[in-house]
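S.K.: Construct all of the structure, not just a fragment, from the sequences and the given hints.
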Amino acid sequence: MIKRFSSHTLLLLIALLWVVIFGWFIIYYERTLQSGVEVVLATEPIDPRDLLRGDYVILNYTISRFSTSLYDLPPRIRVGTGLYISLTPQDGVSEITAVSLAPPATLPYIRGTVRAVSGDSVTVDYGIESYFVPEGEGKVLEQARGEQLRVRVSLSPNGKALIKELLLNGQVVSF
Amino acid sequence: MGLDEKIIDRWVQQGVITETQSKRMRADVVEARKEYGSNRLITALSTIGALLLGIGAILFIASNWQEMSRLMKQVILLASTFGSLGLGYYFHSVRRTLPKLGSALIFLSSLLFGATLALLGQMYHTPANASGLLLVWLIGVAPLAYFLRSGPLATVAGVLLVLWAESYTFYIRDFFSVTTDTFVFLPLFTLVLGAALFTFGGVHSLKTEFFRMARVYRIIGAQVALAVLFLFSFAEVLRELSREAVDPSPRLLISLVVATAATLLFGGWRILSLKNKTHFDSIEYGVTVAVVGLAYVSLMADLDTADSLAIIFTIGLALVALVLLWMGYEQEDLRLVNMGSGWLGLLILVRYFDFFWDLLPRSLFFLIGGALLVGGGTWLERKRRQLKKQFTETV
Chain A
1 MIKRFSSHTL
11 LLLIALLWVV
21 IFGWFIIYYE
31 RTLQSGVEVV
41 LATEPIDPRD
51 LLRGDYVILN
61 YTISRFSTSL
71 YDLPPRIRVG
81 TGLYISLTPQ
91 DGVSEITAVS
101 LAPPATLPYI
111 RGTVRAVSGD
121 SVTVDYGIES
131 YFVPEGEGKV
141 LEQARGEQLR
151 VRVSLSPNGK
161 ALIKELLLNG
171 QVVSF
Chain B
1 MGLDEKIIDR
11 WVQQGVITET
21 QSKRMRADVV
31 EARKEYGSNR
41 LITALSTIGA
51 LLLGIGAILF
61 IASNWQEMSR
71 LMKQVILLAS
81 TFGSLGLGYY
91 FHSVRRTLPK
101 LGSALIFLSS
111 LLFGATLALL
121 GQMYHTPANA
131 SGLLLVWLIG
141 VAPLAYFLRS
151 GPLATVAGVL
161 LVLWAESYTF
171 YIRDFFSVTT
181 DTFVFLPLFT
191 LVLGAALFTF
201 GGVHSLKTEF
211 FRMARVYRII
221 GAQVALAVLF
231 LFSFAEVLRE
241 LSREAVDPSP
251 RLLISLVVAT
261 AATLLFGGWR
271 ILSLKNKTHF
281 DSIEYGVTVA
291 VVGLAYVSLM
301 ADLDTADSLA
311 IIFTIGLALV
321 ALVLLWMGYE
331 QEDLRLVNMG
341 SGWLGLLILV
351 RYFDFFWDLL
361 PRSLFFLIGG
371 ALLVGGGTWL
381 ERKRRQLKKQ
391 FTETV
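The listed protein sequences correspond, in order, to chains A and B.
Residue numbers 1 to 175, in our numbering, belong to the letters of the first sequence in order.
Residue numbers 1 to 395, in our numbering, belong to the letters of the second sequence in order.
The hints are simulated quantities; they were obtained by calculation from the structure and are not laboratory data.
One should not assume that every hint holds.
Claimed, not checked - Once the Cα atoms are required to be at most 27 Å apart in a straight line, the calculated DSS-like pairs of lysine-lysine come out as:
no.	chain 1	residue 1	chain 2	residue 2
1	B	Lys207	B	Lys277
2	B	Lys23	B	Lys389
3	A	Lys160	B	Lys73
4	A	Lys139	B	Lys23
5	B	Lys388	B	Lys100
6	B	Lys275	B	Lys207
What the hints assert, rightly or not - Here are some of the chain B residues that sit facing chain A, going by a computed Cβ distance under 8 Å:
no.	residue
7	Ile61
8	Ser69
9	Gln74
10	Val75
11	Leu87
12	Tyr89
13	Ser93
14	Thr97
15	Phe147
16	Tyr171
17	Thr208
18	Phe210
19	Ala214
20	Phe355
21	Trp357
22	Leu359
Even glycine gets a Cβ: it sits at the ideal position worked out from N, Cα and C.
M.R.: The structure is reproduced here in structure tokens:
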């Protein structure tokens with residue numbers, strides 16, 4: 001009886017762990033979207049990808065690649081280094097004003113991880129490089145190459161970014 | 001006549017049991033065999049059915065993706081995942097009338113857990129194959145695997161552990177494009193990781209209740225390690241790896257140190273902790289340490305050394321496969337025999353192509369190769385069947 005009771009308790013604990021995981025995921029993301037600091041980033045789609053999860057477009061932001069020598073950073077940045085990029089709006093699009101290894105004192109800033117290093121140029125991932133689209137509809141964005149594509153991003157207080165919407169020539173893209 | 005019947009006959013002749021008792025025992029043996037066969041069929045059918053249900057739920061959401069609100073999608077996904085877990089547990093452990101179906105539904109819930117995570121990520125446009133997702137999936141599934149001591153769940157956990165370790169170490173954004181420049185170290189780390197998972201399984205084997213999980217981890221670890229050794233047996237691969245002189249990232253160095261230390265220390269600790277140690281345990285540990293050593297030998301690969309290193313890795317792989325064959329035969333473990341003979345056969349086939357492709361006229365190459373394959377395949381199959389019969393009878 002005790003064994004049976006404990007096995008029920010164990011399963012309930014596992015189910016509770018699952019609830020916490022899913023709950024945290026959904027609440028954190030919803031809160032970031034609803035109450036995060038909004039910035040607009042300039043981007044261009046690289047290519048639509050057809051993977052197991054359906055179609056998605058890879059977004060290449062203008063802030064994804066920059067030269068470390070322009071900012072107050074150590075001379076040698078390695079792959080995997082976490083960076084905090086301070087942003088300031090210029091002509092409706094947020095641009096980099098500072099890059100640091102620690103969270104800056106003022107908002108807004110976006111948190112990223114160095115994905116590749118080439119000389120003093122680094123490529124940074126912000127976790128917003130994928131935009132999922134309904135199957136077969138990624139072409140619309142692929143054809144937008146050369147046009148003005150912007151992404152409205154919501155930033156949590158610790159710099160985590162989430163895509164809120166896509167803007168093509170100033171119009172919200174909806175699927 | 002199986003071994004069971006032979007023993008029963010001997011007992012009758014020796015007067016240990018009566019003829020009536022022997023008849024009853026024979027009937028029970030036949031019944032037990034039937035039950036075993038029927039159980040396997042039920043497990044297979046239940047698992048396929050549960051998987052189809054899961055695929056159906058995911059496809060339903062996928063086909064109505066645009067029509068459904070985010071909340072609706074989340075409700076359906078969570079209801080499928082928790083419903084499958086709850087129903088599975090009910091059939092498996094509460095009502096206990098349909099344990100096979102229960103296990104299949106619990107297994108399905110572990111897959112739906114990952115699918116729900118990936119689809120939630122998709123709803124918020126976050127990279128769904130990122131290492132964080134794999135880690136969270138592992139954190140969700142591993143407790144379930146340990147709680148139920150389930151082999152299939154341990155398989156999911158083992159595979160997730162390998163994928164997570166790889167994606168974390170190499171910052172792999174998705175498994176269709178390796179994005180870091182340290183990918184040249186990927187096979188080296190994978191080899192050490194395979195040895196570490198094998199050792200991790202070995203530690204589990206110290207406790208009887210974790211035997212099934214131990215076996216799963218050891219098989220996954222061994223297969224991963226053998227696959228990399230096979231890859232390293234090609235000089236072209238070693239030459240390719242030598243071209244890029246890149247610095248390993250701090251994360252890679254830490255991962256390598258952790259995996260190597262875990263293999264050596266836990267493997268040693270297992271040997272010391274074993275109460276009834278056999279020479280197989282010492283050999284197993286020795287081979288694991290040698291495989292980790294071989295992984296680091298791959299660092300010496302460059303344009304000049306690639307050919308000789310490929311020979312070393314070929315010999316290494318052949319030796320490991322032979323040890324597996326020998327251990328499988330001695331321990332009457334058909335899985336080990338299959339694994340050893342499979343890798344050895346593949347290695348011989350590939351080396352045959354390497355050595356004789358340019359040396360022999362094409363027709364002769366294919367004639368000899370075909371004859372060798374047919375002959376070797378027939379011999380292996382006959383030997384495998386012989387062993388299977390022998391092992392089954394002993395059990």
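S.K.: Where does the structure disagree with the numbered hints, that is, which hint numbers, in rising order?
M.R.: 4, 7, 8, 10, 11, 14, 17, 18, 19, 20, 21 and 22
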